[in-house]
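Colleague: These protein sequences, in sequence, are chains A and B.
For the first sequence, this note's numbering begins at 1 and goes up steadily by one.
For the second sequence, this note's numbering begins at 1 and goes up steadily by one.
There may be inaccurate statements among the hints.
[As the list claims (entries may be wrong)] From chain B, some residues computed to sit far from chain A (all C-beta separations above 10 Å):
id	residue
1	Gly16
2	Glu52
3	Ser83
[Claimed, not checked] Straight-line distance between alpha carbons at most 25 Å, and here's what the computed PhoX-like set of lysine-lysine pairs gives:
id	chain 1	residue 1	chain 2	residue 2
4	A	Lys113	B	Lys41
5	B	Lys42	B	Lys64
6	A	Lys94	B	Lys41
7	A	Lys109	A	Lys49
8	B	Lys55	A	Lys94
9	B	Lys42	A	Lys94
10	A	Lys109	B	Lys42
11	B	Lys64	A	Lys94
12	B	Lys41	A	Lys109
13	A	Lys49	B	Lys41
14	A	Lys106	B	Lys42
[Claimed, not checked] Short, incomplete list of chain A residues facing chain B, as computed with Cβ under 7 Å:
id	residue
15	Tyr32
16	Gly43
17	Leu46
18	Phe104
Hints in this document: simulated from the structure, not taken from any laboratory.
C-beta: ideal position from N, C-alpha, C; glycine also.
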Amino acid sequence: AQSVTQLDSQVPVFEEAPVELRCNYSSSVSVYLFWYVQYPNQGLQLLLKYLSGSTLVESINGFEAEFNKSQTSFHLRKPSVHISDTAEYFCAVKMPGSQGNLIFGKGTKLSVKP
Amino acid sequence: GAVVSQHPSRVICKSGTSVKIECRSLDFQATTMFWYRQFPKKSLMLMATSNEGSKATYEQGVEKDKFLINHASLTLSTLTVTSAHPEDSSFYICSARGGRETQYFGPGTRLLVL
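Just need the whole structure built from these sequences, with the hints factored in.
Modeller: See below:
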């Protein structure tokens, strides 16, 4: 069975500072990896995903995540955050070929302060 | 991008009554939709997978007679919480499967059973 651990429940940072949100997973088989973001009072939105190929994936708003198989990690990073990045971030895994069952971490609340 | 709506966004009901939550894909057809439940400070837990025109597939531990799922069209799935009790109070989120391993999430419905 797969599981996802997001060690940090809350991450407060100042605007323009770099940030890393940690995600580790456990699985006996290869998995697909995802980061979703949930802004206040909105649904989850896909931020980026790793299916295969390059281990470094990027989103259109400056976030990136690197798949590290040996460390079973998929940490999310951004070199300079904005106030508008304040949101809840969820890491998730999915077993290839499964119908669509996403296994989520508990989420990390990113709070960007001026 | 694809949009998924949920209605209502918030509902308060008395113990013993039934509550229906609607999940709609607004600009695409979804043969598969998913229902999740989210507890405070915990992960999203998959409750069931809803396939258009067929019976839903429930996850282990989820009572199918209590959480009735109907996916009657390619744009609508409903979750009915029957004979609701206070322990059913939670945040219910639906999603619809899109292409390339992507799920599009609704904004969620907060249920409070008194």
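Colleague: Taking 25 Å as the top limit, are the C-alpha atoms of Lys113(A) and Lys41(B) close enough?
Modeller: Given that 25 Å is the threshold and the Cα spacing comes to 22 Å, the pair holds.
Colleague: Below or equal to 25 Å on CA atoms is what counts here, so check Lys109(A) against Lys42(B).
Modeller: holds, 12 Å
Colleague: Is the nearest CB of chain A more than 10 Å from the CB of Gly16(B)?
Modeller: holds, 30 Å
Colleague: For the pair supplied as a hint, Lys109(A) and Lys49(A), confirm whether the alpha-carbon distance does not exceed 25 Å.
Modeller: Given pair Lys109(A), Lys49(A) holds - Cα atoms ~19 Å apart, limit 25 Å.
Colleague: Double-check Gly43(A) for me: the hint is only fine if its C-beta lies closer than 7 Å to a C-beta in chain B.
Modeller: holds, 4 Å
Colleague: Against chain B, run the beta carbon of Phe104(A) and see if the smallest gap drops under 7 Å.
Modeller: Status holds, d = 4 Å.
Colleague: What's the verdict on Lys41(B) and Lys109(A), does the C-alpha distance respect the 25 Å limit or exceed it?
Modeller: holds, 10 Å
Colleague: Lys94(A) and Lys41(B) were given as a pair; does the straight-line alpha-carbon distance stay at or below 25 Å?
Modeller: Measuring from Cα to Cα gives roughly 21 Å; hence the hint holds.
Colleague: Once the closest CB in chain A is found, is it more than 10 Å from Ser83(B)?
Modeller: holds, 27 Å
Colleague: If we take the beta carbon of Glu52(B), is the closest beta carbon in chain A still more than 10 Å away?
Modeller: The assertion about Glu52(B) holds, with a minimum of 13 Å to chain A.
Colleague: Sort out whether Lys41(B) lies within 25 Å of Lys49(A), counting only the CA atoms.
Modeller: Given pair Lys49(A), Lys41(B) holds - Cα atoms ~23 Å apart, limit 25 Å.
Colleague: Can we keep the Leu46(A) interface hint, with Cβ of chain B closer than 7 Å?
Modeller: Holds, about 6 Å.
Checked against the numbered hints above, the structure breaks none of them.
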